[in-house]
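2 protein chains.
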Amino acid sequence: MAAPGDVGADLSAPPPVDAETLEHFVGRVLRAVGLPDGDADKVARLIVTADLQGADGHGVFRLPQYVRRIRAGGINVRPRIQVVRQSGATALVDGDNGMGHLAVSFAAERAIEIATETGIAWVGVRRGNHAGPASLYAAMPVEQDQIGIYFAIGNANHLAPWGGVEPLLSTNPIAIAVPAGECPPVVLDMATSVVSFGTIKSYAKRNEPMPPGWMIDKHGEPLLDPTRADEGLLLPLGGYKGYGLSLMITFLAGVLNGAAFGRDVVDFNHDDVTPTNTGQAIAAIDIAHFREPGSFKAAVDEFVTELARSRTLPNVRAVRVPGERTHRTFKQRSREGIPLSAALRSELDELAGSLGLERLPAA
Amino acid sequence: MAAPGDVGADLSAPPPVDAETLEHFVGRVLRAVGLPDGDADKVARLIVTADLQGADGHGVFRLPQYVRRIRAGGINVRPRIQVVRQSGATALVDGDNGMGHLAVSFAAERAIEIATETGIAWVGVRRGNHAGPASLYAAMPVEQDQIGIYFAIGNANHLAPWGGVEPLLSTNPIAIAVPAGECPPVVLDMATSVVSFGTIKSYAKRNEPMPPGWMIDKHGEPLLDPTRADEGLLLPLGGYKGYGLSLMITFLAGVLNGAAFGRDVVDFNHDDVTPTNTGQAIAAIDIAHFREPGSFKAAVDEFVTELARSRTLPNVRAVRVPGERTHRTFKQRSREGIPLSAALRSELDELAGSLGLERLPAA
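Those sequence lines, one after another, are chains A and B.
Take 1320 as the starting number for the first sequence in the numbering used here and just add one per residue.
Take 1320 as the starting number for the second sequence in the numbering used here and just add one per residue.
Simulated from the structure, these hints should not be mistaken for laboratory data.
Any given hint could turn out to be false.
Just so you know, same-sequence chains aren't split out, so a pair can sit in one copy or run between any two.
Quick list of in silico lysine to any residue cross-link-like pairs, SDA-like style, CA-CA up to 25 Å [unchecked claim]:
no.	residue 1	residue 2
1	Lys1537	Arg1630
2	Lys1520	Gly1558
3	Lys1650	Ala1637
4	Lys1616	Asp1583
5	Lys1361	Glu1655
6	Lys1650	Glu1501
7	Lys1537	Glu1621
8	Lys1361	Asp1591
9	Lys1650	Pro1503
10	Lys1616	Val1403
11	Lys1537	Asn1634
12	Lys1616	Arg1582
13	Lys1616	Gly1407
14	Lys1616	Gln1405
15	Lys1616	Arg1630
16	Lys1520	Ser1660
17	Lys1361	Leu1670
18	Lys1361	Arg1399
19	Lys1537	Arg1636
Assemble the whole structure, with the sequences as input and the hints as a guide.
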């Protein structure tokens, strides 16, 4: 029950950057590499929201990689994102190989709109790209008293099928967001592997051995050295169950949309050029079509409170629900700014320099 | 990767019963306790399908419990199952406290019908009851080239929230079924706990200690003695992730439908009288609204084949996909009959006797 995303008092770290400043900076960078104003602003807002929520591996941390990919021609900066198929309650969105954030937020907006009429909507995306943390999109319907459910194909195959040793699956995340009344929304955002590849990268950075059960090597032996992660395979959450979920997300977000799956998934960490044809899917359920939203949200509050007050294991202070930490981090960082490591800071300075842009201000 | 449901050659076991004979027997029993002919036949077919698929803990094994509950007045044998709310792509079904199989199959039929028009449908159930294995219902849309997704609130709280020691959640299952072409459909059916309570019951029957990681006692200590399972708590699949999934299913299948959740969940193993107000939800996605179903199913076949041919861990013969074993068991049992243990057989004989009905024929 530790909170690895909580911000410690690292005195060597640069002072945190306020969200607005960071958002303007990201927007300037994206404009400089060719995104139209509106798109640059939208992507910047989503990237910085990820940072505000503590999804550090999915926010501004990714900007240098996005820019590298854009410069290599791997992302279309002027995409024509559109609905290519539509029926009563579904839509299929073609992301035209633009920034993933644009295609998926477009899809989420369509889903919310449709679900308001029909009670449920399901919108798939093909020819998208990496779009940041899953919870960003699952949470969008919540403002409209809707439940959001989001599935995505990850952008690198690090997962073997259960019993296998070939990386044929990604850590395909699932996110579900449920509106509450007084309590923050309940937001689950989980990879279908035991841990995410990002967690392993941070172990590598700290040169800390991984616990057994996270990764295996190609012979099925436990892999504990995080610097050798590229030779290894992530283990699925709960064995065959996590494998089953990852496989189902392959069908729901990949195959159904005509997006890449299996061996066709492009490892976007090692290939800046090939279009990823990333698939995502978002569903929105409009609560009013089932019961009065106020009573639904009161019942969610009631259960969250009951969980929080329930008896705990000896070393646990309180039972928490998914999304609580994210919500707390969001409030804290909105107030105090977003901490950026010295390494990331200097990467961003370099990026600004290479584009002839002003750096992030010092404090 | 063992196949615990595979039928061994237990020479002391009674000979297997053919499905048709068993179905007629179950139908007669249900009629004898008051179900109308059509309902009795429908429930009998679903119960025996569960047995054919190898879901031994959810088939005819449950019949004595269902009958006990019906006799105690805990189930309405003449329910008026109806849609109480409807919109473009959703419906809310009231099960009127009838047999769960009736309400959920009614909901699945509605979902299939709606999704054919709208591309996606979501149908919730309230005032239902235990309905057998989740995969039964998730698989219903598959025949119509639709993907099925099913969530249910379990009928006893055996799961604590992550970090907690109070049984506030059930093992809330999720099932997803995806049509394939030449290959059998891919069908995932999983509890959100590490193992199901049924598995633990079968350990208790064999007096075999459980491995650590399955259950804890109320102090958080590993519980290994399966005969003490009632004092313990099941652990969620993959720690907080399984807890998160179980919680989300509480919202999707319970709270949204106005069905029971949290402390209001009735333990149907110890209470035959109180209406359970069980909640379920089924979604159907019509593939033709996204792409040509033939090409979708060919892509599923292709991936399943690729997985099956991929390299395996040293002691694994082949990578399998969810639903393969069920499919094989179904074919085998359709041919060779359904094995019933001597204990279950004599329970069914007793049940028949108490209702003045003919026993299951000897072979």
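The hints, checked one at a time:
| no. | hint | verdict |
| --- | --- | --- |
| 1 | Lys1537 <-> Arg1630 | between (43 Å within a copy, 10 Å between copies) |
| 2 | Lys1520 <-> Gly1558 | both (22 Å within a copy, 22 Å between copies) |
| 3 | Lys1650 <-> Ala1637 | within (20 Å within a copy, 49 Å between copies) |
| 4 | Lys1616 <-> Asp1583 | between (42 Å within a copy, 17 Å between copies) |
| 5 | Lys1361 <-> Glu1655 | within (23 Å within a copy, 62 Å between copies) |
| 6 | Lys1650 <-> Glu1501 | within (15 Å within a copy, 52 Å between copies) |
| 7 | Lys1537 <-> Glu1621 | between (47 Å within a copy, 23 Å between copies) |
| 8 | Lys1361 <-> Asp1591 | within (22 Å within a copy, 56 Å between copies) |
| 9 | Lys1650 <-> Pro1503 | within (11 Å within a copy, 49 Å between copies) |
| 10 | Lys1616 <-> Val1403 | between (35 Å within a copy, 21 Å between copies) |
| 11 | Lys1537 <-> Asn1634 | between (37 Å within a copy, 13 Å between copies) |
| 12 | Lys1616 <-> Arg1582 | between (43 Å within a copy, 18 Å between copies) |
| 13 | Lys1616 <-> Gly1407 | between (27 Å within a copy, 23 Å between copies) |
| 14 | Lys1616 <-> Gln1405 | between (31 Å within a copy, 21 Å between copies) |
| 15 | Lys1616 <-> Arg1630 | within (24 Å within a copy, 48 Å between copies) |
| 16 | Lys1520 <-> Ser1660 | within (15 Å within a copy, 52 Å between copies) |
| 17 | Lys1361 <-> Leu1670 | within (20 Å within a copy, 66 Å between copies) |
| 18 | Lys1361 <-> Arg1399 | within (15 Å within a copy, 51 Å between copies) |
| 19 | Lys1537 <-> Arg1636 | between (40 Å within a copy, 16 Å between copies) |
Every hint from the earlier list agrees with this structure, and none is contradicted.
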